[in-house]
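J.: Residue numbers (numbering that gives the first Met the number 0), protein chains in the order written: chain A, 0 to 550; chain B, 0 to 550.
Be aware that one or more of the hints could be misleading.
To be verified - Cut-off 27 angstroms, straight-line C-alpha distance, at most; resulting in silico cross-link-like pairs (DSS-like, lysine-lysine):
1) B:270 with A:176
2) A:32 with B:270
3) A:270 with B:300
4) A:300 with B:176
5) A:300 with A:270
6) B:270 with B:300
7) A:300 with B:300
What the hints assert, rightly or not - Partial pick of chain A residues on the chain B-facing surface, computed with a CB cut under 8 angstroms:
8) 180
9) 241
10) 245
11) 297
12) 299
13) 533
In case anyone wonders, no lab produced these hints; they're calculated from the structure.
Glycine is no exception: its CB is placed at the ideal position from the N, C-alpha and C atoms.
In case you want the letters, here they are:
There are 2 protein chains.
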Amino acid sequence: MDDLFRAHAALLDAAVAAARDRGFWSAFPENPKAYPEGAAAAGAAAFEALVNRPFDLGGTADVPARQVGSEVSPFGPALGITYPARPADDLVDAAERALQAWAAAPVERRVGIALEILVRLNRESFLIAKAVEHTTGQAPAMAFQAGGPHAQDRGLEAVAYAYAEMSRVPGAVLWEKPMGRSSIRLDKDFHVVPRGVGLVIGCATFPTWNSYPALFADLATGNAVIVKPHPAAILPLAVTVRIGRQVLAEQGFDPDVLQLAPDTAEAPLAKDLATHRGVGIVDFTGSSAFGGWLRANVRDKLVFTEEAGVNTIVIASTDAFSAMCQNIAFSLSLYSGQMCTAPQTIFVPASGIATDEGHRSFGEVGSGIASAIDVLLSDPARAAAVLGAIQNPATLARIDAARGLGRIVRDSAALQVEGARTATPLLLAVAAEDEAAWLEERFGPIAFVVAVQDAQDAVARATRAAREKGAITAALYSTDAAEIERAIPAYARAGVALSVNLTGGIYVNQSAAFSDYHVSGANPAGNACLTDAAFVAGRFRVVCVRRPAAA
Amino acid sequence: MDDLFRAHAALLDAAVAAARDRGFWSAFPENPKAYPEGAAAAGAAAFEALVNRPFDLGGTADVPARQVGSEVSPFGPALGITYPARPADDLVDAAERALQAWAAAPVERRVGIALEILVRLNRESFLIAKAVEHTTGQAPAMAFQAGGPHAQDRGLEAVAYAYAEMSRVPGAVLWEKPMGRSSIRLDKDFHVVPRGVGLVIGCATFPTWNSYPALFADLATGNAVIVKPHPAAILPLAVTVRIGRQVLAEQGFDPDVLQLAPDTAEAPLAKDLATHRGVGIVDFTGSSAFGGWLRANVRDKLVFTEEAGVNTIVIASTDAFSAMCQNIAFSLSLYSGQMCTAPQTIFVPASGIATDEGHRSFGEVGSGIASAIDVLLSDPARAAAVLGAIQNPATLARIDAARGLGRIVRDSAALQVEGARTATPLLLAVAAEDEAAWLEERFGPIAFVVAVQDAQDAVARATRAAREKGAITAALYSTDAAEIERAIPAYARAGVALSVNLTGGIYVNQSAAFSDYHVSGANPAGNACLTDAAFVAGRFRVVCVRRPAAA
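Work the whole structure out from these sequences, hints included.
T.: Rendered as C-alpha cells:
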C-alpha cells in the first residue's frame with residue numbers, strides 16, 4: 000500500500016461516500032477562520048513575493064523559454080508576472096515522456112499523489128485567493144471560498160469519482176468455465192490504461208474551480224495534464240501546477256506529468272494543443288464560440304465543455320415577496336453576474352403576481368428586485384464585497400450596449416473604488432417578443448424582467464431557452480404545488496438544474512460539490528456533466544491479459 | 000416496486016455482481032440441450048413461417064409503409080421476407096412521441112421491461128439462431144450460441160451496467176449545511192433524464208451480438224431506440240424488435256419506444272438517421288470507412304463505434320507446438336475468419352522458433368498451421384460446422400485478390416456444400432516489409448505469416464499495428480516469462496486485449512460477457528469499450544430539483 004494513499008485514505012473514503020450520498024459534505028473548510036492564525040497574512044505575503052518577476056514553475060528542464068504574461072488585476076495594478084512559455088509540440092513531447100511512468104503506476108499511488116496535491120493546495124488557499132482575486136476580480140471572500148476550498152472540494156470530488164470507477168475494475172481474476180466434467184481456466188489481469196495526455200483549458204472567471212475537476216480526473220486516471228490557462232488568469236493555475244509538480248517530483252515522477260501552457264491573446268495555443276495528435280482529452284470552460292469550434296474540429300478525442308447559457312427565473316407567485324426580491328437581488332449582484340450559474344432572464348406575468356403582500360404588478364415585481372439591489376449595495380463596503388470587480392473590460396462595453404435593449408428598471412453604475420473596474424447590475428424590462436434581448440447570453444451584470452402571459456408561458460419560455468441556448472441553472476417561484484410539479488418534467492427534459500422558492504442564505508448561483516451535478520450535458524450550456532461517472536469513466540480504458548491458469 | 004423488476008431481481012443482482020467480479024458467469028445457457036424438448040423444432044418451424052412473406056413488426060400504426068428486404072442466405076435460398084420501411088423523419092417523430100412516457104417511467108420499470116425482453120428473446124433462441132444462420136452464414140451451432148444466449152448475455156450485461164450507474168444516483172436527499180447555530184436545509188430530488196433517441200446500426204455478421212449492448216443500454220437508460228439493421232441481416236433484429244415491442248405494448252408503453260428501420264443498399268438510411276437533430280446517441284458496428292464518416296460528421300452526440308482492425312499473433316516460442324497450431328487453425332477457420340476478433344497477421348521470427356518438438360523454421364511454423372487447418376477441415380461435416388458460409392460475395396473476391404500478396408502456404412477453396420458460399424482459410428507467407436499486405440484489414444479467411452527479426456520485433460510490429468490500424472484481440476505465444484512480462488505494457492498501451500499461450504478449447508476470438516472488456520476504445524478498432532461504465536454512463540443525464548426543506 001502506498002504511503003500517501005494510506006495517509007489520505009480516510010479523506011478518500013469520506014469523499015467517495017459523500018459523492019454517493021449527495022448530502023452536504025465538504026473536506027476543505029470554507030471559513031477562513033478555520034485556518035491557522037497568520038495563514039492569511041502569509042498568503043498575502045506570498046502573493047506579494049510573486050508579483051513583478053518571472054514565475055518559477057519548478058522542476059523545468061533548463062531549456063530557455065520565452066516568457067509571457069500580462070495579467071492586470073481588475074482591482075487596478077498590473078501583476079507584472081511572466082511565465083515560461085513553450086510551443087505545443089514541446090509540451091506534448093514532454094507530457095508523453097512523463098506519461099510512461101505515471102500511466103504504469105498503480106491506481107493507489109496516483110490517487111494518493113492527487114490527494115496530497117489537494118491537501119497542499121488547501122494549505123495555500125490564501126495565496127490562491129489572492130491570485131484569484133487579482134485575476135478574476137472576485138471579491139476577497141469569494142476568491143478565497145470559490146478559488147480555494149470549494150475548488151479543492153471539486154477536485155477531490157473528481158478524484159473520488161475516478162477512484163470509484165477504477166476500483167470497480169478488478170485487478171486479477173480466475174475465469175473458470177465449466178465444460179461438463181472439466182473446465183477451462185484462465186487467469187485474467189485487467190490493466191487500467193489512460194488515454195494519454197489531457198488538455199485542460201481554463202477560464203478567466205473561475206480558473207481553479209472550473210479546472211480542478213478535469214485536472215484531477217485526468218491525473219488520477221493516469222493521464223499527463225497540460226493546463227492552458229486563460230491569458231488573463233494564469234497565476235491561480237500557475238500556483239496550482241507548481242504545487243502539483245513539487246509533489247510529483249518528491250514522489251519520484253517527472254514533474255512534466257503536470258505542465259502549464261501559458262499563452263497570449265495574440266498567439267493563442269489552445270487550438271494547436273487541442274488538435275495535437277498526442278492529446279487524447281480536452282476539457283474546456285469558456286465561450287460557446289470556442290466550445291463550438293472544439294466540438295466541430297476536435298475529432299476522435301474526449302471533449303468536455305462548459306459553455307454559455309441563458310439562466311432564467313420564473314416568478315409565478317410567492318408567499319415571501321421581500322425575501323424573494325432580496326434573494327434574487329443577491330444572485331444578480333454576486334460577482335457582478337459573472338458566474339456561469341447567475342440568472343439573467345426573469346419571467347413575470349404581465350398581469351402581475353399574487354404575493355404575501357397582496358397583488359404585485361409586473362412593474363412592481365421589477366422595482367421590488369431593483370430596490371432590493373439598491374438596499375443590498377447601499378453600504379459601499381458590502382457592495383464591494385458582493386460585486387467584486389469586472390474581469391473583462393468588454394463586459395463594461397456590453398452593459399453600455401445593453402441599455403438600449405429595454406426600459407431601464409435599474410441602471411448600472413460604477414462603485415467608487417479607486418482603480419477597480421466595477422459595475423452594479425443593470426435591470427431592464429422587456430416584452431416577451433424581444434427575444435433578441437433576453438434570449439442571448441449577456442455575460443455580466445445584465446438582467447431582464449420579461450413580461451409573459453402567465454406561469455405556463457413563463458415555464459415554456461424558460462425551458463425552451465435552456466434547450467436552445469443552454470442553461471446551467473433555473474429558478475422558479477410559485478406557491479402552487481401542482482404548478483411546480485407540472486413544471487419539473489419540462490425543466491428535467493431541458494437538462495437544467497432547478498431551484499424552487501429559494502430565500503435566505505442559499506442562492507440559485509451556488510453549486511455544491513458532492514451534491515449538485517454541475518452542468519447536465521443535456522443542453523447547449525455544456526456537452527457534459529462535470530461531476531458524474533461519465534465525466535471520469537472514459538478517461539481510462541481497460542485492457543485484459545488472459546492466459547491459461549495453472550491446473 | 001414494479002412487477003417485472005421484482006420478477007427478474009435475482010437475475011439482475013447476479014448480473015450486476017458478475018459484471019463486477021468478472022469471473023465466468025452466464026445467464027443464458029449456451030448448450031442447446033438446456034432448452035425444452037421441441038424448442039429447436041419449434042424455432043425452425045417459426046423461421047419457416049416467416050419466409051416468403053411480409054414481416055409483421057407488431058403494434059405499428061396503420062400507415063401504409065414501403066416494403067423492403069432482399070436477404071439471401073449465404074447457404075443459398077433467398078429469404079423472401081419484406082419489412083415495412085419508413086423515412087427517417089417519421090421514425091424519429093414516432094420515437095420522440097413514444098419517448099415521453101418511457102423517459103418518465105421509473106428506472107426499475109424500464110429495467111424490468113428490458114430484462115423481460117431478454118428472457119423472451121432467450122425463449123426464441125432457436126428462431127433467432129435460424130435467422131442469424133441464414134443472414135450471416137454462421138454455422139447452426141455458432142448461430143445459436145453467438146446469436147442467441149451469448150448475445151442475450153451481452154444485452155443483460157449492458158442492462159446491469161446501466162442499472163448500476165443509474166442506481167448510484169440517489170432519488171432524493173436532504174442537504175443540510177451547518178451555518179453556525181443554524182443550518183440551511185434543502186430537499187433535493189435527482190432525476191435521471193435520457194439523451195432522447197438512440198440509433199443502433201447493426202452489422203451483417205453479428206446482428207444481435209453486436210447490437211444488443213447498445214440497444215439494451217439505451218432502453219434501460221430511458222432512450223427510445225431505432226434499430227437500423229444491415230440490409231443483408233435484417234431478420235434477426237426484426238425478430239428482436241418485434242419481441243421488444245410486444246413486451247412494451249403489454250406493459251402499456253407505445254411500442255415505438257423500439258423501432259426497426261430497415262433500408263436498402265440503394266437507399267441507405269444510416270446517414271440521415273445519424274445526423275438527424277432528434278437523435279442523441281449513435282452506436283455503430285461495421286467498416287472503418289463508415290465509422291470514420293460517423294466520427295467526422297456526427298456532432299454533439301454520443302457516438303460509439305466498433306470498426307475494423309488488424310488482429311495479430313506473435314509466435315516467439317512454444318512448449319506445445321501441435322496444440323498451438325491446432326488452436327490457431329481453429330481461430331483462423333471459425334466462421335471463416337469473419338469475426339471482429341479473428342486473427343489475421345501472424346509474426347514468426349525468420350530464423351524460426353524453439354518448440355517442444357525442437358527447432359521449427361519459419362516455413363515449418365507456417366506449414367504446421369496450414370496442416371492443422373487441413374486436419375481440422377478434413378471431415379466435411381466438421382468443416383461446414385466450423386467455417387459456416389461467407390456472408391458477403393465481396394469476401395470471395397477479396398480472397399482471390401489476396402492470393403497475389405505473398406507465397407501461398409495454404410490455398411483457400413470452397414467446400415462442397417450445395418448452394419452455399421464457402422471458403423477455407425488462405426494462408427500467405429510474406430516479408431515484414433510487405434506492410435501493404437499484412438497491415439491492412441482483409442476481412443474474411445485471409446491470414447499472413449510474416450517473417451520478422453525476433454520476438455521483440457514481432458511485439459513491436461504487432462502493437463504498432465494495433466495502435467495505427469486498430470485491433471480488438473492479440474495473441475502471444477512464448478515460453479519466456481520475462482519476455483511475456485515485457486510485452487504486456489506494450490499491448491496495454493496499444494489498447495488491445497492479449498491472450499497468452501492459448502491451447503485447447505479456448506480461442507483468441509472468444510470474448511466472454513461479464514468478463515472480457517470487448518473493444519478497448521484505445522485504438523482505431525473502436526472509439527469505445529462496449530462493456531464498461533463509460534459505455535452506459537453518458538446515455539443518461541441527471542437533473543437536480545432543490546427547494547427549501549420543511550423545518
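J.: Next step is simple, just say for each hint if it's right about the structure.
T.: Right, here's what the structure says about each hint:
Note on residue 270 of chain B and residue 176 of chain A: the hinted pairing is violated, with a Cα-Cα distance of about 41 angstroms set against a maximum of 27 angstroms. For the hint linking residue 32 of chain A to residue 270 of chain B, the alpha-carbon distance of about 60 angstroms lies beyond 27 angstroms, and the restraint is violated. A threshold of 27 angstroms between alpha carbons decides the hint, and for residue 270 of chain A with residue 300 of chain B the separation of about 21 angstroms falls inside it, so the pair holds. Between residue 300 of chain A and residue 176 of chain B, the direct Cα distance comes to roughly 38 angstroms. Violation of the 27 angstroms bound is thereby established for this hinted pair.
Using a Cα cut-off of 27 angstroms, the hinted pair residue 300 of chain A and residue 270 of chain A holds, with the two alpha carbons roughly 14 angstroms apart. Distance check on the hinted pair: residue 270 of chain B and residue 300 of chain B sit about 14 angstroms apart at the alpha-carbon level, within 27 angstroms; holds. Pair hint residue 300 of chain A plus residue 300 of chain B holds up; C-alpha atoms about 13 angstroms apart against a cutoff of 27 angstroms. Checking residue 180 of chain A against chain B by beta carbon gives a least distance of about 13 angstroms; that is not within 8 angstroms, so the hint is violated.
For residue 241 of chain A, the interface hint is violated, the least distance from its beta-carbon to any beta-carbon of chain B being 29 angstroms, above 8 angstroms. Against a cut-off of 8 angstroms between C-beta atoms, the interface hint on residue 245 of chain A is violated, since the closest Cβ of chain B lies about 28 angstroms away. Annotation: interface hint on residue 297 of chain A violated; nearest CB of chain B at approximately 11 angstroms, more than 8 angstroms. Look at residue 299 of chain A: its Cβ gets to within about 6 angstroms of chain B, closer than 8 angstroms, so that hint holds up.
Look at residue 533 of chain A: its Cβ gets to within about 4 angstroms of chain B, closer than 8 angstroms, so that hint holds up.
Violated hints for the displayed structure, listed by number in ascending order: 1, 2, 4, 8, 9, 10, 11.
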